[in-house]
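Take the given structure of chain Z and dock chain A to it, following the hints.
The chain contents come next:
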Amino acid sequence: MLIGDPIDTLMNIGTFAFIGFVAWIVMRGEPGGPDT
Amino acid sequence: MHTHTPASARLADVIPSTWSRNINSDAKNPQGSKALLTASLSLCAVIGFWGVIEPASLLAIASTVVDQYFISRGWAVMLSVTVMLVFCLSLTFTKWGDIRLGADTDRPEYSTPTWIAMLFAAGMGVGLLFWAAAEPLTHYEFASRFLPAPLAAEQALLAANFNWGIHAWAIYGTTALAIAYFSYRRGSPMLVSAPLKNLFPGEKWAHALGWFSDFMAIAAIAIGVAGSVAMGVFQVADGVTVLLGRETSTPLLIGMVFALMIAAYIPPLLVDLGAGMAKLSNIAMLLAIGLVVYTIILGPSEYLLNSIISGIGKYVSVVIPRGLETFTFYGNETSKWFRDWTLTYMVWWIAWGPFVGVFVARISKGRTIREFVLGVLIGPTLFSTIWFGAFGGIGIFDALNGGGDLLALTQTNVERMTFALLDRLPFSTLTTLTTVVAAFLFIVTSVVSAAFVLGTFSTGGNPNPSAKIRVIWGLLLGVLGAAMILSGSMAAVRTLIALGALPFVFITIILLACLIRALLQDARKEDVHADR
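Residue numbers (my numbering), protein chains in the order written: chain Z, 83 to 118; chain A, 24 to 555.
Hints are computed from structural coordinates only; laboratory data are not their basis. Be aware that one or more of the hints could be misleading.
[To be verified] Beyond 12 Å from chain Z on every Cβ pair, some chain A residues (computed):
(1) Ile332
(2) Pro344
(3) Gly426
(4) Ala431
[What the hints assert, rightly or not] Subject to a maximum C-alpha distance of 20 Å in a straight line, what follows is the list of computed EDC-like cross-link-like pairs (lysine to aspartate or glutamate):
(5) A:Lys359 with Z:Asp87
(6) A:Lys388 with A:Glu226
(7) A:Lys118 with A:Asp129
(8) A:Lys337 with A:Glu325
(9) A:Lys359 with A:Glu348
(10) A:Lys548 with Z:Asp90
(11) A:Lys359 with Z:Glu112
(12) A:Lys118 with A:Glu549
(13) A:Lys227 with Z:Glu112
(14) A:Lys388 with A:Asp127
(15) A:Lys118 with A:Glu394
(16) A:Lys548 with A:Asp127
Being a predicted model, the structure only gives us computed values, none of them experimental. Even for Gly, the Cβ is constructed at its ideal location relative to N, Cα and C.
So that you can see chain Z by itself, here it is in the shape it has in the complex (with noise of 0.2 Å):
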């Protein structure tokens, strides 16, 4: 069988999550700005 963890999955899926609001933070709009 190659299935994984499922924790493990979890976690990872996680980091991911995290990675997309750290990409966030770099390009979120200002507030009042031309891009909100």
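Just chain A, lined up with the frame of chain Z:
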């Protein structure tokens, strides 16, 4: 000393009001910082007393959490530290490299050699004394199970150089740069939470995450410094044992060294942190430089100098790919070795990040980002490669050409390695004493500055926390150190440090993201000015 108005006062005229709105907001909100202080003191006290009363169960839980994390997320840690390294290096090639950490007219307070010596003493200090020959030889013992001797020796030096090398300083550099940039360019308090609160003022999530970051920074510093205390006490006690001509250090001796250390660091906590502490770490640093020069001159000089140069060559040639190497395809034994050493070290440096970061930020005011990055990344890394080239080189010389009894120590008594090595050179009583004194000084300076930084963090960025708070932190660091000593082994100490650092893996990345956002904001502002 400069006699100008604080940079923050003048910056207030040019930065948008939203950026400076939350300056010192915590100082005006004693309720919030009191909650932070209580929460962080409680967490450290619980871990400390738990470790003293029942070290085995604390260690079992720490091991489980750390193993689960490492097994599952080695890639994320290695990717993160490589991103930090590439980020720092690429700043030096851009116009951001010209930005000064301070007002544009500020100049550095310390000469570059003194600055690098202080960086080094804060970032590595006692650990390097401890692992000088022990680490390369332990790697050599492991690698020689799979590789012929010359390759094993090369890989052993490379691993030690990597673990203590430029990636560690990229972690420190990123943390320090984020704290320094927001403090000197935007007038924020010197807190881990400052970048988030500055960029997203008034937003609840940023406030909550910032509070959590300060809280975890305190825990990471306390546990990291306590681990260093434990390691240093083992080292000093062992050195005293050697000086007394005994075989093994007794619990009584370890207890006495520990008590002496607390007695030595409490008085400096009662007075203001000044040039005295910088002087002490510089003396420790000079003693370390003396030891390495002495070893090169009195040891097999040509062999050691060759070892240093080929070690640097090998390191430079593979530094980036090695940073992304996770040893996935090498089998369980090598994966375990990778997790126990490289991965643990990277998390360890991250644990020290907030403490070293604040210290480095304080001593780097007035330098440009380019000077800062090149100094922080290259200076200490060069010293580490010379250090391991010499001490690792002499250990490998003994394994290949001598009796090889140093190699046997990696399996039986790794704590004794540095002294066993010095014992094979002339004047060993003097050099052993020097090592003991240097270790003692490194620990005392670390604890005093850590207690100061912890006091600053736990009172909402107050740069002068009261003597009472500093002493409370000093004593708590003592209790945590005792917990780590009672846990019994170096492996246990490193596991506990890794546990304290885990959340910081994320917080350091968030700091990096905040710094990038601020640099982009400021560059856009410059462009707008240029267009006008």
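Hints, one by one, checked against the model:
Every CB of chain Z lies more than 12 Å from the CB of A:Ile332, the least distance being 39 Å, so the non-interface label holds. Every C-beta of chain Z lies more than 12 Å from that of A:Pro344, the closest at about 22 Å, which supports listing it as non-interface. No beta-carbon of chain Z is positioned within 12 Å of the beta-carbon of A:Gly426; the least distance is around 46 Å. With a minimum CB-CB distance of about 38 Å to chain Z, A:Ala431 clears the 12 Å threshold, and the non-interface call stands.
Simply put, A:Lys359 and Z:Asp87 have alpha-carbon atoms about 18 Å apart, close enough for the 20 Å limit, and the pair holds. The hinted pair formed by A:Lys388 and A:Glu226 fails the criterion: a straight-line CA distance of about 29 Å is larger than 20 Å. For the suggested pair A:Lys118 and A:Asp129, the alpha carbons sit about 18 Å apart, so the restraint of at most 20 Å is met. For the proposed pair A:Lys337 and A:Glu325, the alpha carbon gap of about 18 Å is at most 20 Å, so the pair holds.
With a CA separation close to 14 Å, the supplied pair A:Lys359 and A:Glu348 stays within the 20 Å bound. Taking the CA atoms of A:Lys548 and Z:Asp90, the gap is about 44 Å. The hint is violated against a cut of 20 Å. Note on A:Lys359 and Z:Glu112: the hinted pairing is violated, with a Cα-Cα distance of about 45 Å set against a maximum of 20 Å. For the given pair, A:Lys118 sits about 11 Å from A:Glu549 by alpha-carbon distance, which is consistent with the 20 Å threshold.
Taking the CA atoms of A:Lys227 and Z:Glu112, the gap is near 16 Å; set against the 20 Å cutoff, the hint holds. Between A:Lys388 and A:Asp127 the alpha-carbon distance is near 11 Å, which keeps this suggested pair within the 20 Å criterion. Taken as a hint, the A:Lys118 and A:Glu394 pair is honoured in the structure, with Cα atoms around 13 Å apart against an allowance of 20 Å. Between the alpha carbons of A:Lys548 and A:Asp127 the distance comes to roughly 16 Å, so the proposed pair stays at or under 20 Å and holds.
Hint violations for this structure: numbers 6, 10 and 11, all remaining hints satisfied.
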